[in-house]
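Engineer: Each chain is listed here by its residues.
Number of protein chains: 2
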Amino acid sequence: MAASAESYTDVLIVGAGPAGLAVAYWMARCGINARVVDKRDTKILRGHADGLRSRTIELFDSMGIAHRVMQEGDHSAELMYWRPNDKGELKRAGNTGFSSGTASPYKMAMLSQGRVERFILDAIKDSSDLEVERGVVAESLSYDQSPEDHGQKYPITVKLRTLSEEEATPFSHPGISKVPAARDDQQDLIQKRKHPVGTVETVRAKYLIGCDGAHSWTRKQLNIPFEGSNTDHIWGVVDMVPITDFPDIRRTTSLDSRNGHLLIIPREGNVVRLYVPLQEDEVSATFDRSAVTLDTLRNRVKKILSPFSFDFKICHWWTVYQVGRRLAQSVNKGRVYLAGDAVHTHSPKVGLGMNVSFQDGFNLGWKVALAVRGVAHPSILDTYASERHQLAKMLIDFDRRWSAFFLQEEQKQKAVDTSSAPEDNSAAMSSLFRETELFTEGHASFYGKSCLVHKGSTAMAKHLVAGERFLPAIVRNQAGGRPSWTTRLLESDGRFRILILAGDMRLKDQKNRVSSLGEKLTELLMRFTPPKSKLDSIIEVKAIHTAPWLEVELSDFPPAVHQFDEEQGWDYSKVWSDSKCFWEPQCVGNAYEVWGVDKSRGAIVALRPDQYIGWMGEIEDVAGLTQYFERVLQEVRPRSLL
Amino acid sequence: MAASAESYTDVLIVGAGPAGLAVAYWMARCGINARVVDKRDTKILRGHADGLRSRTIELFDSMGIAHRVMQEGDHSAELMYWRPNDKGELKRAGNTGFSSGTASPYKMAMLSQGRVERFILDAIKDSSDLEVERGVVAESLSYDQSPEDHGQKYPITVKLRTLSEEEATPFSHPGISKVPAARDDQQDLIQKRKHPVGTVETVRAKYLIGCDGAHSWTRKQLNIPFEGSNTDHIWGVVDMVPITDFPDIRRTTSLDSRNGHLLIIPREGNVVRLYVPLQEDEVSATFDRSAVTLDTLRNRVKKILSPFSFDFKICHWWTVYQVGRRLAQSVNKGRVYLAGDAVHTHSPKVGLGMNVSFQDGFNLGWKVALAVRGVAHPSILDTYASERHQLAKMLIDFDRRWSAFFLQEEQKQKAVDTSSAPEDNSAAMSSLFRETELFTEGHASFYGKSCLVHKGSTAMAKHLVAGERFLPAIVRNQAGGRPSWTTRLLESDGRFRILILAGDMRLKDQKNRVSSLGEKLTELLMRFTPPKSKLDSIIEVKAIHTAPWLEVELSDFPPAVHQFDEEQGWDYSKVWSDSKCFWEPQCVGNAYEVWGVDKSRGAIVALRPDQYIGWMGEIEDVAGLTQYFERVLQEVRPRSLL
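Residue numbers (full-length UniProt numbering), protein chains in the order written: chain B, 1 to 642; chain S, 1 to 642.
In short, the hints are calculated from the structure, not lab data.
From a predicted model like this one, the values you see are computed outputs, not experimental measurements.
There is no bait here: all hints are sound.
Because identical chains cannot be distinguished in the list, a pair is counted as satisfied if it fits within a single copy or across any two copies.
Only pairs whose alpha carbons sit at most 35 angstroms apart, straight line, appear in this in silico DSBU-like list of lysine-lysine:
1. Lys192 <-> Lys159
2. Lys599 <-> Lys107
3. Lys313 <-> Lys534
4. Lys462 <-> Lys580
5. Lys178 <-> Lys107
6. Lys302 <-> Lys580
7. Lys194 <-> Lys159
8. Lys153 <-> Lys194
9. Lys580 <-> Lys91
10. Lys91 <-> Lys511
11. Lys192 <-> Lys125
12. Lys449 <-> Lys532
13. Lys534 <-> Lys302
14. Lys303 <-> Lys534
15. Lys532 <-> Lys302
16. Lys178 <-> Lys534
17. Lys178 <-> Lys125
18. Lys153 <-> Lys534
19. Lys393 <-> Lys449
20. Lys107 <-> Lys125
21. Lys462 <-> Lys534
22. Lys599 <-> Lys580
23. Lys303 <-> Lys511
24. Lys449 <-> Lys511
25. Lys580 <-> Lys107
26. Lys520 <-> Lys462
27. Lys508 <-> Lys87
28. Lys599 <-> Lys91
29. Lys532 <-> Lys313
30. Lys302 <-> Lys511
Next up, chain B with everything else stripped away, as it sits in the complex (with noise of 0.2 angstroms):
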């Protein structure tokens, strides 16, 4: 063992996938001490996850790399069904449209998690000097959580191991071509080592996030149960650029045959994703999952397909797995958190995988962030468990569903008669796909009443709801009359926001209440910020409202909303207008319809850093937004001394 080494970090994330890497991001943008490692010696080039849904994508844009992923991405807007017709001959039954239950500027994306990764990467790298250590294992942990005072700022001690290229190559399976690494990845592919191999580094941290995948290290060193089982499913994975006659295979597809199921994704580029069922000719307790080869998947595939030919020469990656559908009981203890797989596994087949780790990442990443900083009261850490756990859970039981279904179409299939066509399911698992469309697509996030969600009136904004997204709607920048979607104006950089939805600012009326409120709001926010900060810091304020965009000025809001700097001058981003841009066709000045909110009177929403609502009322109602943030923030100057 190399000689020791010992450090201090605010926050230690463990593994570097997509709900490490959200954890890193807020990291990144708000300043934290932080390290992550990784013990893959490289960040993943192909295969694993690759379905993106668009509440995801939302997010990316919140981040600046949604663009990134939709011109790399390969889109999909219809699901295809094929079954076998009366004569027996395999036929197109049908398909459903992928829609999106309530309006977004993204819809769904395929892309490897490998991209996925290096736009977060860039992101990361574009506000910080950040790096994932690569090829570093954690290896022991202690933490003492018996005096849970000011005095025992470091509480947690992990051992770090720097890792040989042996010991930090990954287990790849046989088969796979050789393909080149994408330009701007190739940089990864150079071993790089912080310490020497075999350096054993101490280091104390205030928090620990666990995103250490399904077999999680942290998990177990918690030892917090991981409920549930394997299944008897064992499926084949196969990422390959695929020959054959099959008219469907650039189609999302979900293949009946006699043969058994065929889940078709396509992908970026050329590549085609195939799940293959294995268990069916077997029995599968007795199925043995290390035999499986790369032309067990390729013989299966044929078979489930013909009479279409079928085959491939260059295959990019490709894996067995049994499903197991587990969930962690709970989500953490006291500061060492879970994040992603190692609180929930599930079949890979729905394409959420990516999303919900991601998504668990940024629930948590910027609530550590917060508290590290002394901004938020510690306890908005309580609503990771109460918002993530929950919803872990609604994904098994979505799975449970969703797996069924394609379970029932197989025993089906192999119940009947092999010379009569299974019967068509197609029509009922479209009609799940569109109950679960909310759910599946991120668009519901069902996050319950806490400090961070005010569940109280919703008449002023009736189709938001606290707890959940802020319904994405096109609007014009006041000052330059740039239309950009909200998801982008409303950045992910660790700020909370109060949006003055301030209505027709050409009504005197509306003008003088919106002008009390920013009076007030600057007040608010004096409460929250540190004295020699800027005022939008921990709060930014930012108003659209209704008049078209030239007949009101900037200068008709209050200044919260137009901040001036001795050296930037006026702050032109905080003011939008929700009307028509001939630019822009998707900009037709409706975003208070999609809000539901009056556009003469207007409303208050406030956002959380994530873009979660927190708290709705109306422009009067600053007695209820202050309470919302004193239950959040933690006080600076007390208002009594303002």
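Go by the hints and put chain S onto chain B.
Structural biologist: Same frame as chain B, but now just chain S:
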């Protein structure tokens, strides 16, 4: 002088601005042995050009970088006019919407030249190892034009000298603030030299492309006259972060006050560019340009904008220039070509410079590349002069007209009694704007008849014009359903394209017509494709049909548009459908209407590698199409041998 080296390259590009990088892009995409040198130590980071017109961004789309421009750039939809009212108070006098005469996926974007160069450099890196050699100056040129035979393969000899840091650092005006470079530009700040300082390398080249700016060294070596004159206009331009109560500082604004004309161009982030006239108060002939300081500009703007306040503390860049309206008498001598500012200089105020320069390089690069590769007849290079020299003339004429308009404004104001308001010319300006829009946006290029542009009947595609851009539209991929603008799917990869506008493939007759065309096209492709190359490596055939997406199959189309490859399988990228996609509001199935093509019968359009229309005809007119390619491409397998 350090030790001399000698080397050979097919194409030497001098200057790595927008024109040089456009040429370099084609070298990279076409796999040409090329070098690019630039005398500056680093690429431009701030200042210089900043206006991108929609056609330029369409071409960027074909290079895969448009999304980055749209994400980072600023977008103004309206041009605002300000002038004194009857009482002499400076007021808004109206506005013109920046629209584009024909539909484009993109609108004008304002973004620093340095960022635009970053994106082109990244596109170059994505397909080759070609890197700009910085801090290298060309010092002598000899060109052996006499025996233009095959024995003389490298007729051009250039000596390149590696500069010291001092020599390679461009002059920078005092007063510019330290602003950090973007994350992905920081690598460019590191000094890299291929050779030690002072090394003189002798390079022998087949082609030399001088993209070395208004003071072009290359142009001087060729003794090509640069005709025109400096005008009396002396302007300052400053990129700064404004501190002002002028309400339209973030709107593109043409402002006429009694104290002069100000052009305001909002830019990315919080930067605003101002064009400031300097010569008004002084008699121009005696104006001392070198005496201008940043404060001179600051004070001029204060005076013009008065009674509004104005100042700035952060200055990104500034300079002073005297408008030189000049045109090179020719754009080449033999194999030595000029592009960009080396050919034309004019006022930057119309925001065309970077666009015309980039498009010069974009027009020239693929012609040189295909001539070097022996794919095309070298005679296609003559069209560079006929196409771009003519456009340069039009540019100079346009600039004269447009600048006269600004000048006239000012002269009027000086002539009239200062107590009365200057005449309102915003309507006239607006009208000039509309009249010249097709030209300024790059939607009309006026490329005349040549071997590359066949001007025949337009009956089969009423809105398309040979020599003009292929009008952009959104279509859906037949194999996968993904909607895409044609600007993206017609990738700039160095290939000619035959677009089969296949009409309604549900109709038996039409299917027969297309099928018969397909057979003949395969024969055509074989004549121009080297025996061991893929059949789509020189000319790619794509099809766009009008049947609803799910009512035809890929297999209905001829093999030329879904080629088979032993490793890659069938090609799914070549057949597209002009039909609706509920996912994409702009995908309405109107492409054939945009092109003026009959939805049943279709047409054929041949596109040059730069997406300009080379030839159009009926589905049966393979003879005409063949004739077109015979004039352009080298036959590698004569028809008689097929």
